[in-house]
Amino acid sequence: MSRPRSAPAASDPALDAPATGGPIVRTVGLRKTYGAGEGAVHALDGVDLTVAPGEFVAVMGPSGCGKSTLLNMLGGLDTPTAGQVFVAGADLTTLPDDRLTELRRRRIGFVFQAFNLIPVLDAVENAALPLTLDGAADAEARAIDWLTRVGLGDRLKNRPDELSGGQQQRVAVARALSTDPALVLADEPTGNLDSRSATEIAELLAQVASEWHRSVLMVTHDPRIASFAERLVLMRDGRIVDDLALDGSTTAPIRAMEKAGLL
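Each residue of the sequence shown is one higher than the one before, starting from 30 at the first, in the numbering used here.
Worth flagging that the hints you see were computed from the coordinates, not collected in a lab.
Honestly, I wouldn't trust all of these hints.
Calculated cross-link-like contacts (lysine to aspartate or glutamate; reagent style DMTMM-like; alpha-carbon spacing at most 20 Å) [stated by the list, open to error]:
| no. | residue 1 | residue 2 |
| --- | --- | --- |
| 1 | K186 | D151 |
| 2 | K288 | D272 |
| 3 | K288 | E259 |
| 4 | K288 | D251 |
| 5 | K288 | D266 |
Using the sequences plus the hints, can you model the full thing?
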């Protein structure tokens, strides 16, 4: 199945060109400190991480370990205290605000726990929103293409309140993919779903990586959902304490967390 082609508004070619010959994500000595002195909190404490093109990586760890802070750094939603963040070859720590906004909109897709759909818009309008904001003439066609790919071809004109939770999250995934991003960041994407819908979304994210060749980095608290990823990164106290390949078994993340002393 061919990938939909992007047609964004004219801008800096470096932000539109796909990254080649290297990782989609690379962090170097990434640190984030809140406060100062004895009260300082080191949310990230020297994180080095790479994510290859088309790789599905799950990040797990206890509350306050730095998972969400890491996601915010990779998404350009927050700035590090020290270190560097590279996404699709661009150094987020040196980009001016306008170029960072363009990169977020065109090279990074976001999927949130709460779906974040606009209630008065239908599925097509929600999925097309990033493209519409970017001035893409084919926004509707590309949104329909992705909604069909994620299994919502018969729900194109439904508003969020006419969709189940799982269907709303599929709209959110289609929205994230509509701009043809290099990276999809998923923050607890199954947290508001029942078990069956959660499994379907985890399978869909695996498909995003394996079939549609986007890198996916997913934060989750659920070992069963993490087992759909190819790789597991475990964090504690702002640091990566383990980074391992997964074998597809539902018990592998639990064993890894036990070994790392996180259970």
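Here is what the structure says about each hint:
1. K186 <-> D151: holds, 5 Å
2. K288 <-> D272: Status holds; Cα separation ~12 Å.
3. K288 <-> E259: OK: K288 and E259 at ~18 Å, within 20 Å.
4. K288 <-> D251: holds, 17 Å
5. K288 <-> D266: Answer holds: K288 to D266 is near 16 Å, not above 20 Å.
Violation of the numbered hints given earlier is absent; every hint is satisfied by the structure.
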